[in-house]
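Going by my numbering, the sequence shown opens with residue 25, and the numbers climb by one from there.
These are calculated hints, taken from the structure and not from any lab test.
It should be emphasised that the depicted structure is a prediction, and the values quoted were computed from it without experimental measurement.
Have a look at the derived ranges for each label pair, beta carbon to beta carbon:
hint, residue 1, residue 2, range
1, Asp85, Glu56, 19 to 27 Å
2, Asp55, Gly101, 25 to 33 Å
3, Glu27, Thr71, 27 to 35 Å
We put the beta carbon where it would ideally sit given N, CA and C, even for glycine.
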Amino acid sequence: MAEEFVPRQSELSRTYREGDLIVEIDIYEDDEGGWLLEIIDEDDNSTLWEDAFESEEEALDEALDALSEEGIETFVGPVQETDESG
25 MAEEFVPRQS ELSRTYREGD LIVEIDIYED DEGGWLLEII DEDDNSTLWE DAFESEEEAL
85 DEALDALSEE GIETFVGPVQ ETDESG
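Build out the structure end to end from the sequences listed, making use of the hints.
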């Protein structure tokens, strides 16, 4: 019987604050040697990147870039459905 994979959380995971808003940057390994990135707000709403990163540092850089460029508000609250066809 194969052992169940238990992901290891990166030491680069951290809390990110902008004004009164706070999110958690969660970086953890997948079962294929890559690193997954998830940003979680105070109400446990989550934004998860679909593709794994080659390193923990790449995942952290992506999170910080996204928070800086898109603003923390983008990652707080329920997922908003957008119509990209128009």
